[in-house]
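Peer 1: Residue numbers (numbering that gives the first Met the number 0), protein chains in the order written: chain L, 0 to 116; chain Z, 0 to 534.
Hints are computed from structural coordinates only; laboratory data are not their basis.
Ideal placement from N, C-alpha and C gives every residue a C-beta, glycine not left out.
Some hints could be false.
[Unchecked claim] To give an idea of the interface, some chain L residues facing chain Z are shown, with a C-beta separation under 7 angstroms as derived from the structure:
| id | residue |
| --- | --- |
| 1 | V35 |
| 2 | L39 |
| 3 | A82 |
| 4 | E103 |
| 5 | S104 |
[Unchecked claim] Using 25 angstroms as the maximum straight-line C-alpha spacing, the simulated SDA-like pairs for lysine to any residue come out as follows:
| id | chain 1 | residue 1 | chain 2 | residue 2 |
| --- | --- | --- | --- | --- |
| 6 | Z | K60 | Z | D6 |
| 7 | Z | K60 | Z | L19 |
| 8 | Z | K60 | Z | L48 |
| 9 | Z | K220 | L | G17 |
| 10 | Z | K60 | Z | Q500 |
| 11 | Z | K220 | L | S14 |
| 12 | Z | K60 | Z | M2 |
| 13 | Z | K220 | L | Q76 |
| 14 | Z | K220 | L | I48 |
| 15 | Z | K60 | Z | L482 |
| 16 | Z | K60 | Z | D77 |
| 17 | Z | K491 | Z | L401 |
| 18 | Z | K220 | L | W18 |
| 19 | Z | K220 | L | V52 |
| 20 | Z | K220 | L | A13 |
| 21 | Z | K220 | L | F10 |
| 22 | Z | K220 | L | V24 |
| 23 | Z | K220 | L | I16 |
| 24 | Z | K220 | L | N47 |
| 25 | Z | K220 | Z | R505 |
| 26 | Z | K491 | Z | R504 |
| 27 | Z | K60 | Z | A506 |
| 28 | Z | K220 | L | V12 |
| 29 | Z | K491 | Z | Q415 |
| 30 | Z | K220 | L | A21 |
| 31 | Z | K60 | Z | A5 |
| 32 | Z | K220 | L | L56 |
| 33 | Z | K491 | Z | A506 |
| 34 | Z | K220 | L | E9 |
| 35 | Z | K220 | L | L74 |
| 36 | Z | K220 | L | T20 |
| 37 | Z | K220 | L | D72 |
| 38 | Z | K220 | L | G15 |
| 39 | Z | K220 | L | R55 |
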Amino acid sequence: MSLFANISMEFLVASGIGWVTACGVYLMLRGRSFPVVLGLTLLGYAVNIFIFVMGRLWSAAPPILGQGDVQADPLPQALVLTAIVIGFATTGFVIELALRSRAESGTDHVDGREPGA
Amino acid sequence: MNMSFADVMMQLFRQHLAVLPVLLPSFTAMLMLLIGDRDSLPRLRRIALVSVALGLMFALKLAMEADDGVLRVYRVGDWPAPFGIVLVIDRLSALMLVLTQAVALPVLFYASGGWDSHGRHFHALFQFQLMGLNGAFVTGDLFNLFVFFEVLLIASYVLLLHGQGRERFRVGVQYVAINLAASALFLIGVALIYATVGTLNMADLAQRVPLVSGDDAVVLKAAALILLVVFGVKAAILPLHLWLPSTYAAASAPVAALFAIMTKVGVYSILRVHGVIFGADAGASALTVEPWLLPLALGTSVLAVFGMLAAHTLPRMVAYMTVASVGTILAALGLFSEAAWSAALYYMAHSTLIIAALFLLVELVSAQRGDAADRLEAGPAVAQPALLGLLMLLGAASAAGLPPLPGFIGKLMVLQASSGHEAQTWVWTVVLLVGFLTLIGLARAGSVLFWSVRPGVDDSGTSAGASPRLVLATVSLIGAGVLMSVLAGPLKRYTDAAAVQLVDRRAYQEAVLGAAGAQTTQPYVFPRPASEGAH
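Excised from the complex, chain Z in its bound form:
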């Protein structure tokens, strides 16, 4: 009885910190469903903001703890791995958690300015979406990754329809159909991996995949490529990106801004599964996706930037920019080196923040353009040209990669990391060309929006200006993006260490499975690690 209540709570907090990013949004969402959203919107907004702010603090705490290089393994129900599900927090997971919460907080603040009243249960679904995202980033089990994918997808199906309308239902049907087909492929890939290796725990997989050879290795490679298709649909790689522009363009602004992080779930999964488990040390199935990833990623960037130049509406333009940025990130992943992965992580964090900000910004601009709305044509003058123009300039310069903004640093890191690689010429050409064309596209959009004022238009219908809340939300996202260039030094150290930690498979296995490795008994024979005795 020596311990005070506060000490007990503190100890519980430390012990269960790793699972809190999943539990917090889950309980918040359930609480919101109990409260209902008929007459209690202000209360729901307060609860949601407090919950997401708490989530951001937990994520930052986890990132600071992860930065000492120790992997934090949380055994759900205290079952030892690989029998139970483990959550593993390394630098990469913690970074993704921080990024998710850092995007979610301003977006939620923006949505609380009115969008959340355009349909029911917005806040509960938002929390379920966060639960799925956070869960996907912390889980150490491939099937559990599938489950969290489904959680975030089911929430996203409904969030996409938020506000309703014919166009949203039209793209909604297509979005749900393509994601259900992708989920079926995910299950096929996971089942094939289980059939050949006999485990789905990521640490155990990294240990056993290198031991597979012969016919089984062919099946395993097929599974790896099937999973590349699945994650490619989520991340929107070249032939699988067609669903993204119309979906993101049709979604309401805060939902599209939150979806900016969804493509990164695909990127994250490719890094975890294809970068590490099927990475350079994976024996017969090593680097299965290497011949595919880099060419497809570069193609994605080029095609997306042309789509961006051809877009007639602002949200569609930003949606294509999402695809272009994913192409650049995946190109860096496809170089399969620690320096390139570090560059990819830095660029991913920055581009997610900026694209989320641009989705919000284009809605602010559209709202002040009367009947021209979000179409890229001459329209009435906006009410706040200086403020919105400056934000557009910052966002555009950052997305295109002009110094000294973080987009420039990220792209420079990618270019540096590609030097010496056999595809260096292609990477340099594509990254620089895409940056240049992005700049042209955004400069054209900016001049149409702010300078081509249609004469003789009655301005009385346009709004007086965006509310301070909406502007503050957008500014804080762009500000977070710009802050990344101020903090580039520490951030690069962190992403460098994260990439090195990813490659260190032995430390990951020891943290999850213990020094002795997994002691499992199976009814039929799988290749076994040497450390393990016969069953």
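Just chain L, with the same shape it has in the complex:
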């Protein structure tokens, strides 16, 4: 308990975003379309949280003026909603595209053919 008592919320969130981004980039660089799609999705999650925390981390602060002493910044929260919607739509599309590409070329490799074939 004492080991984690001094770790700040900022450190936890920042390293969490970094870890998810690293996993996303690793998966994105794989040769098969399914890991690539997963990687793009993970990267999208990391970016969404990144936008959210760019308004700084607040505790018990409403994003409305006049509701207390401190206010959270509402703008990143609005931006991240837009980013989530767009990310959701493009993920749906890229999954469908990867499936069609698999059906057309007979392989799920992103080059459209098996390596060495």
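Following the hints, complete the assembly by docking chain Z onto the known chain L.
Peer 2: Quick look at chain Z alone, frame taken from chain L:
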């Protein structure tokens, strides 16, 4: 009740003209989706052509109005900036709108000659693509720019697959993946800028970025360079251009021709963000990208022209020419002077028209070469050698920059603007070498296409000739390109004024934010302009 209905409509039109280039394609596309495209292709074609022609007229009207030097600011929902999103029409935005519509109209006319029946919803997607392009060119807000980027990209993902086939799906997966990764980087860059400056309105940014110093300026510079990567992917700069040739070569001809304008969205964004917001007056983060832009741009041109010489198929050759032209435009942007920016704008307008025309032209030629199709090898004689050969000659000479065609004027303007710059030798060497190699590549292609006729080939399979509609569309694009050299005087005055207007940050801020500047309250401290009181 004194005002007649016509007066009211006229007043509404004037009031909302700035947003019409976005709304018109958007409503047209929705109408098309309601009509459906099962049995109503002729009707859709008429609606699409009328809509794009109207869009061209609106764009021309906006350009004529913008030429008086007054910035037109449209507050969406009448929210004052920087709280609401603003659309700003200056000379540059109006020029880009005209260019988009001028490319779209002939391309749509060409596509209506048969390509639009090779898949579903072509016309609706075409309109959504135009909506994204126009929106990106008029918006005055960085996050809104991201949204319009996504609109045009999502439309382009599907347009690229138009006509389907194995090769299109293969490059489609790669194109979508690289653009999704770029979109993620775009969001990271935008979020970093917001975290350090506290605004995403372009006028407000131009006001606040110079006030950032110390550690925050380092973060801001990182954000600027991340955005350079994002726009570099769209524009296809040197290490980020690899996706473009195979993608454009795989797309159907009218789609590739329309995509000629897509790389220019990247160029436009670099000019707006890195040229103006992170420009010469940006304090600690001034000219962040200057050490990178010029060398990368020159490298792009050289590498692309070698790719063009090595290409085995015609669409691939034209795709590499797209990259080479982007290199020349960005080299001019990288000189960071008003004269060079003016040259870049003129050359950009011309090269977009010519490259769109060449994408259409190579398909016309390929269609008449039987089984040789678009491969650069001896094949059956084309049915219309004089017409297609002449068009190829005009397009090639214009792209390579031979006088008196506008490519020559554009390149001359770039060379002139670079004189006195420390990299002058490099710019001159690269621009002239690239022009020369482009000429060699196109001359070789032309002689293979029109003179190396393979003997003993049965000609019965080749088509009798291109339909007048397809030829007219191609001729009008090349004609628009050539017209630019006739109108070089007025156009250069316009681009000169556009470049001067870009540098005038104060006028832009006053038009968008008012003379008093932005009065904003924020929960944590950002650097504030001096004119603003404490909150």
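Peer 1: Work down the list of hints and note, for each, if the structure agrees.
Peer 2: How the hints compare with the structure:
{"no.": "1", "hint": "V35", "verdict": "holds (6 angstroms)"}
{"no.": "2", "hint": "L39", "verdict": "holds (5 angstroms)"}
{"no.": "3", "hint": "A82", "verdict": "holds (6 angstroms)"}
{"no.": "4", "hint": "E103", "verdict": "holds (5 angstroms)"}
{"no.": "5", "hint": "S104", "verdict": "holds (6 angstroms)"}
{"no.": "6", "hint": "Z:K60 x Z:D6", "verdict": "holds (18 angstroms)"}
{"no.": "7", "hint": "Z:K60 x Z:L19", "verdict": "holds (11 angstroms)"}
{"no.": "8", "hint": "Z:K60 x Z:L48", "verdict": "holds (18 angstroms)"}
{"no.": "9", "hint": "Z:K220 x L:G17", "verdict": "holds (20 angstroms)"}
{"no.": "10", "hint": "Z:K60 x Z:Q500", "verdict": "holds (19 angstroms)"}
{"no.": "11", "hint": "Z:K220 x L:S14", "verdict": "holds (22 angstroms)"}
{"no.": "12", "hint": "Z:K60 x Z:M2", "verdict": "holds (24 angstroms)"}
{"no.": "13", "hint": "Z:K220 x L:Q76", "verdict": "holds (24 angstroms)"}
{"no.": "14", "hint": "Z:K220 x L:I48", "verdict": "holds (22 angstroms)"}
{"no.": "15", "hint": "Z:K60 x Z:L482", "verdict": "holds (19 angstroms)"}
{"no.": "16", "hint": "Z:K60 x Z:D77", "verdict": "holds (23 angstroms)"}
{"no.": "17", "hint": "Z:K491 x Z:L401", "verdict": "holds (18 angstroms)"}
{"no.": "18", "hint": "Z:K220 x L:W18", "verdict": "holds (24 angstroms)"}
{"no.": "19", "hint": "Z:K220 x L:V52", "verdict": "holds (19 angstroms)"}
{"no.": "20", "hint": "Z:K220 x L:A13", "verdict": "holds (20 angstroms)"}
{"no.": "21", "hint": "Z:K220 x L:F10", "verdict": "holds (23 angstroms)"}
{"no.": "22", "hint": "Z:K220 x L:V24", "verdict": "holds (23 angstroms)"}
{"no.": "23", "hint": "Z:K220 x L:I16", "verdict": "holds (21 angstroms)"}
{"no.": "24", "hint": "Z:K220 x L:N47", "verdict": "holds (21 angstroms)"}
{"no.": "25", "hint": "Z:K220 x Z:R505", "verdict": "holds (22 angstroms)"}
{"no.": "26", "hint": "Z:K491 x Z:R504", "verdict": "holds (21 angstroms)"}
{"no.": "27", "hint": "Z:K60 x Z:A506", "verdict": "holds (22 angstroms)"}
{"no.": "28", "hint": "Z:K220 x L:V12", "verdict": "holds (23 angstroms)"}
{"no.": "29", "hint": "Z:K491 x Z:Q415", "verdict": "holds (13 angstroms)"}
{"no.": "30", "hint": "Z:K220 x L:A21", "verdict": "holds (22 angstroms)"}
{"no.": "31", "hint": "Z:K60 x Z:A5", "verdict": "holds (19 angstroms)"}
{"no.": "32", "hint": "Z:K220 x L:L56", "verdict": "holds (23 angstroms)"}
{"no.": "33", "hint": "Z:K491 x Z:A506", "verdict": "holds (22 angstroms)"}
{"no.": "34", "hint": "Z:K220 x L:E9", "verdict": "holds (22 angstroms)"}
{"no.": "35", "hint": "Z:K220 x L:L74", "verdict": "holds (22 angstroms)"}
{"no.": "36", "hint": "Z:K220 x L:T20", "verdict": "holds (21 angstroms)"}
{"no.": "37", "hint": "Z:K220 x L:D72", "verdict": "holds (23 angstroms)"}
{"no.": "38", "hint": "Z:K220 x L:G15", "verdict": "holds (24 angstroms)"}
{"no.": "39", "hint": "Z:K220 x L:R55", "verdict": "holds (20 angstroms)"}
Comparing the model with each earlier hint shows no violations; every hint is respected.
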